[in-house]
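Protein chains in written order, with this note's numbering: chain R, 1 to 485; chain B, 1 to 95.
A few of these clues could be false.
Here are the simulated lysine-lysine pairs, DSSO-like style, with alpha carbons at most 27 Å apart [as the list claims (entries may be wrong)]:
#1 K89/B - K413/R
#2 K83/B - K93/R
#3 K2/B - K332/R
#4 K276/R - K256/R
#5 K40/B - K264/R
#6 K40/B - K379/R
#7 K68/B - K109/R
#8 K93/R - K92/B
#9 K332/R - K40/B
#10 K413/R - K40/B
#11 K68/B - K332/R
#12 K276/R - K93/R
#13 K379/R - K2/B
The hints are simulated quantities; they were obtained by calculation from the structure and are not laboratory data.
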Amino acid sequence: MQLNKLTISQLRAKLIAGEVSSLELTRACLERIAATDDKLNAFITICETEALAAAEAADKRLAAGDAAPLTGIPLAVKDIFNVLDVRTTCGSKILDNYISPYDATVVAKLRAQGAVIIGKLNMDEFAMGSSNENSAAGSVKNPWDLQRVPGGSSGGSAAAVAAGQVLATLGTDTGGSIRQPASHCGVVGLKPTYGRISRYGVVAYASSLDQVGPLASNVEDCALLLGAVAGYDPADSTSVDTPVPDYLASLKDGVKGKKIGLPKEYFIEGLAAEVKQAVTAAIETYRQLGAEIVEVSLPHTDYAVACYYLIATAEASSNLARYDGVRFGVRKDNGDGLVGMYQHTRAAGFGDEVKRRIMLGTYALSSGYYDAYYLKAQKVRTLIRQDFLTAFEQVDLLLTPVAPTPAFKLGEKTGDPLQMYLSDIFTIPVNLAGTCGMSLPCGSSSDGLPIGVQLIGKPFAEAEMLQAAYAFEQATDFGGKFPPL
Amino acid sequence: MKISREEVEHVARLARLALQPAELEALTEQMDAILGYVEKLNELDTEGIIPTAHAVPMENAFREDLVKPSIGIERAQQNAPSKDGSCFKVPKVIE
């Protein structure tokens, strides 16, 4: 029996029954990482000592009959989350030596449940990228084809789950950074509604768009992890004080009578034939499960990428001003005074994509251009958000592709930033609208690469979205597969 | 051209980035292409549209002004590149 290929709920039953210990399970994950991570590069930091200590503590808790849903379960988090006394690099040279002085709220919640945090996962620098090629720790490889990207920016989070290195992970999603890698790696990934999960202790990229979310091998585990970390946090005034439902309670209620909308603007020419085929088959499955399928329109879809790359870069240029070599991080002082120190620290510490976005954002916010770029983009954002709210007056959920193609080859798009940006065309609008979306496996290409389908729910209707995802997963056989590595 | 080399140099100064000539060259070309692409937003009439700064309607989040425990000076300074007592040390600002 390979412990790391079971689901969290299966393992939980075994942990409670005493058939397996958290220590055995944690060791199995550490061995799997040791055997596969030379190829994948999914981890930046492995916390072996801390993980084994947490596993021992979890075993005591299990023996005492005091188990929470995640007690003893090995998980890992993107290297954007602060974990007390562990390095947080955010995939950047500028934070190479940064040791977190505190826990992010979501990390504290996992700890309180007795989850075992195995380590910190690779990512595009400061979560900026769609391929995980922008990491100071090197590219992550797709477990299904080592010549291809895992997607980004939560590439390590998706690859680790796909390869069975850990049971589930946390990522962040600003324009598709959970859903796109989940799709490329054949796992389930969910971006909750803006405000659903605390971002305290999570390194900021674009604050009006960033959201934390779970990745797992199956829908139930995804629901379990979401429930464990969701909720209002007084330390994050943008988290929303609305009750967290029991996501497992309604999971098996099916989709009979639900109205699912197909936004016609998402079924366009640039969509690869195999992706279109897999998504069309998914629509047919939902029809057979009793859902009503209707066409809807999100008329401003074509403007979303342009809108995003102004808003996200503007916010990034402001958020990343804090990396100045004064209070933390790597300092480069060339003896050229304080401003010179700032300039050289930032030039040496940031990678090309981060510099590009800081430059674009600084330009969009600069005197004389603010109205033409940033304010204009915020107005277009209103139109995009209204598109979704109007569509949700007619339907319960939307169904779309996640990405226009399966995982592309390493190096294929690094020379052309704009082409890279356009690979997020189906995920970005959800962040602009602030609602929830998820990716789940719906097929594979002739090359054996996973293909995902995206469900988009109404704001704070994660339970309804998970319910539809679960119905699809049970009716099909696309998820829960592990690549030969 | 949407943006000139001189403007890119000006933006780099605003962003506190000491960029190499080759980087400035590449950025001028790339920013020009991206700014050309985002130009498409001007196809839309946004007269009278209220800008969205936050996706979820939110009002000011007020709380009581209470003193609470914080991480303390030692923790706050643990990652400092240079420090002097309880201060962060930086290159000389005033001659």
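Hint-by-hint comparison with the structure:
no. : hint            : in the structure
1   : K89/B - K413/R  : violated (42 Å)
2   : K83/B - K93/R   : holds (21 Å)
3   : K2/B - K332/R   : violated (33 Å)
4   : K276/R - K256/R : holds (24 Å)
5   : K40/B - K264/R  : holds (20 Å)
6   : K40/B - K379/R  : holds (14 Å)
7   : K68/B - K109/R  : holds (20 Å)
8   : K93/R - K92/B   : holds (25 Å)
9   : K332/R - K40/B  : violated (40 Å)
10  : K413/R - K40/B  : holds (22 Å)
11  : K68/B - K332/R  : violated (35 Å)
12  : K276/R - K93/R  : violated (39 Å)
13  : K379/R - K2/B   : holds (22 Å)
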